[in-house]
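J.: Sequence order for the protein chains is A and B. Per this note's numbering, the very first residue in the first sequence carries number 1; after that it's consecutive. Per this note's numbering, the very first residue in the second sequence carries number 277; after that it's consecutive.
These are calculated hints, taken from the structure and not from any lab test. It is possible that part of the hints are untrue.
Stated by the list, open to error - With a cut-off of at most 25 Å between alpha-carbon atoms, the simulated BS3-like pairs for lysine-lysine come out as follows:
1) K107(A) x K122(A)
2) K324(B) x K285(B)
3) K378(B) x K18(A)
4) K378(B) x K285(B)
5) K155(A) x K122(A)
6) K370(B) x K18(A)
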Amino acid sequence: MSCELWAIDAEGGEAILKEGDRWYLSSLDHAWRPVEVEAPQGVLEWSLARHVVSVGREYDDLERATITARRLCRAVWRAGGMSTEDVSRWLDATVLARRPERGPDAKAWEERLPEIIREAVKLDRFFQAKGCPSEDSLRFTLRVLEQLRRSGEWKGLRERDLLLRFFTAAWEIHGQTRVEDPATPETLERDLSDYDQRLFRKNLKRLEPDELSCLTLWTDTTYSVEDLAVLLNLSPEAVQESLDRAAQGMGRPLEELRRTAVAELCRAQLSGRGRN
Amino acid sequence: MSVPAAYTKASALGPGIETRFDSACGRLATASCNGALRSFRSILGRGKAAINMPLPKLVRFVEEGSYLNIYELVARETGLSGADLEGAVLDRLKDFGPLRLKLDRLFCFEFDTHYASFNLGGAGARRYGSCCVVFDLGHWAPFHTCFAGDSIRACCSSGRAPLLADDEILASFGTGADLDRLAVIRHERFLERHAHTLDPGEVRDILEADDSLFEIHLHGPVTRDLVQEVRLSRADYHHFCDLAERARGLSGPLPWEFDSVEPFQAMLAALDRFDIPLVLAEGG
Chain A
1 MSCELWAIDA EGGEAILKEG DRWYLSSLDH AWRPVEVEAP QGVLEWSLAR
51 HVVSVGREYD DLERATITAR RLCRAVWRAG GMSTEDVSRW LDATVLARRP
101 ERGPDAKAWE ERLPEIIREA VKLDRFFQAK GCPSEDSLRF TLRVLEQLRR
151 SGEWKGLRER DLLLRFFTAA WEIHGQTRVE DPATPETLER DLSDYDQRLF
201 RKNLKRLEPD ELSCLTLWTD TTYSVEDLAV LLNLSPEAVQ ESLDRAAQGM
251 GRPLEELRRT AVAELCRAQL SGRGRN
Chain B
277 MSVPAAYTKA SALGPGIETR FDSACGRLAT ASCNGALRSF RSILGRGKAA
327 INMPLPKLVR FVEEGSYLNI YELVARETGL SGADLEGAVL DRLKDFGPLR
377 LKLDRLFCFE FDTHYASFNL GGAGARRYGS CCVVFDLGHW APFHTCFAGD
427 SIRACCSSGR APLLADDEIL ASFGTGADLD RLAVIRHERF LERHAHTLDP
477 GEVRDILEAD DSLFEIHLHG PVTRDLVQEV RLSRADYHHF CDLAERARGL
527 SGPLPWEFDS VEPFQAMLAA LDRFDIPLVL AEGG
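With the hints as constraints, model all of the structure from the sequences given.
T.: Next up, the structure:
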């Protein structure tokens, strides 16, 4: 049943919600659990000394209305206060941000969601096994999910490619959030020559999917063969064989391929950008 | 200070209250309950005014120095006054606005009237918030007014029209000095069951219960310097302390219940800064 966020006193951390004929007060004092109130008595009493901002917006259900109320209250606290107009603008922005979720692909996304989530869970476990705090790991994974959905790439990806896409995106996000030491050898490394770039692009196109998947992950210096085995759900021997074949196909020793520039070429190839 | 219109209106109702009070005292004397009556009035003499509010609102009140009602809050935001302000508040309350206006007009409340409840040491009307802010009534006396019960609940049915006729509503309305008389009239049956004395805790529980509390109307500004103490129920205090302790060992996004940790800590800091005592409420 839809639920109206009827009014809010964001500074007080309270909101009045209406679902059908029933009225609820959701407040920070009660961990946001909606408590039923009588109308008009309860609502009028609540309003006596509240900074009432009437909202009058419909949400899918009581839970979504409560989530919006809580987020709005927290936004107001962070901002140190908000005018009625600002509250409206904030709510508008929230609606706009949610709109893409209801696009024409929504049904197809929902149908593939179990498969996508299975791969996302693998990624989450992998990051945790690498020592990432569970909150960070979950955050990276959720951001990847969001990015993947927006990009539309999920439609063409299956199984391992999907996981690989997850992994590379999560690693990029992780890289953006961590503090990097500007003096690491990695950042001082010379870019690939034009010749090497052309050669690698050509050779990458010839690799088998397994070889490309393993090489893409391998090019990130953080991960061992055992790590890749866990991530790709393969035996370490199978990973090593794929890597050896990939190195042969690339015409360079494995250790020489372990560099950021090669990783970028691999990712480009994997996402199809490097095929032209 | 000019005499509030609500006080003038309540004063005019005094003789009617006096008559009903005398009748009740006569019946209690016949039932040999004079001791209980004296005890009851003595306990009521210790009462104070209390306003319950949620944690973030208390923090804001203490930080800013003024506790504002809906009219004052809208006036601060919009700069409106008079009829324009009244119109703006009506808009915000949508369908419930006319009823609020009717009640304010019935009691002659002005834009600076603040609702409080009569308090005898408990945690107050917790449905309005867990923090019970206690004030000395002496600041507003003799011009504060009272209502025997919760005026909005007493006046409204589940529809939008007042449940009772105006005269019936006003029978429970009086000046602050009428409070103990109205309480005797209202709780005559309770007094009849006691001969000599009363347990203050029992009287407190009755007069602070949701369905039998006494409303106090404070006319004029309610400011930080008038706060005597802030009370929390023992259960709420330990809950907030426990959450704060548990939050210390956690990182990243926390469950919703932890949202109260930050305002709780801000409240402790603000009370400390302004030298306001935090007291655990009597009776749990």
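J.: Take the hints in turn and mark each one as holding or not.
T.: How the hints compare with the structure:
1. The suggested pairing of K107(A) with K122(A) holds, with an alpha-carbon distance near 24 Å, which does not exceed 25 Å.
2. Distance restraint check for K324(B) and K285(B): the Cα-Cα separation of roughly 22 Å lies within the 25 Å cut-off, and the hinted pair is therefore satisfied.
3. Restraint check for K378(B) and K18(A): the C-alpha separation of about 24 Å stays at or below 25 Å, so the hint holds.
4. Restraint check for K378(B) and K285(B): the C-alpha separation of about 15 Å stays at or below 25 Å, so the hint holds.
5. Using a Cα cut-off of 25 Å, the hinted pair K155(A) and K122(A) holds, with the two alpha carbons roughly 19 Å apart.
6. With a C-alpha separation of about 13 Å, the suggested pair K370(B) and K18(A) falls inside the 25 Å cut-off, and the hint holds.
The structure is consistent with each of the numbered hints, conforming to all of them.
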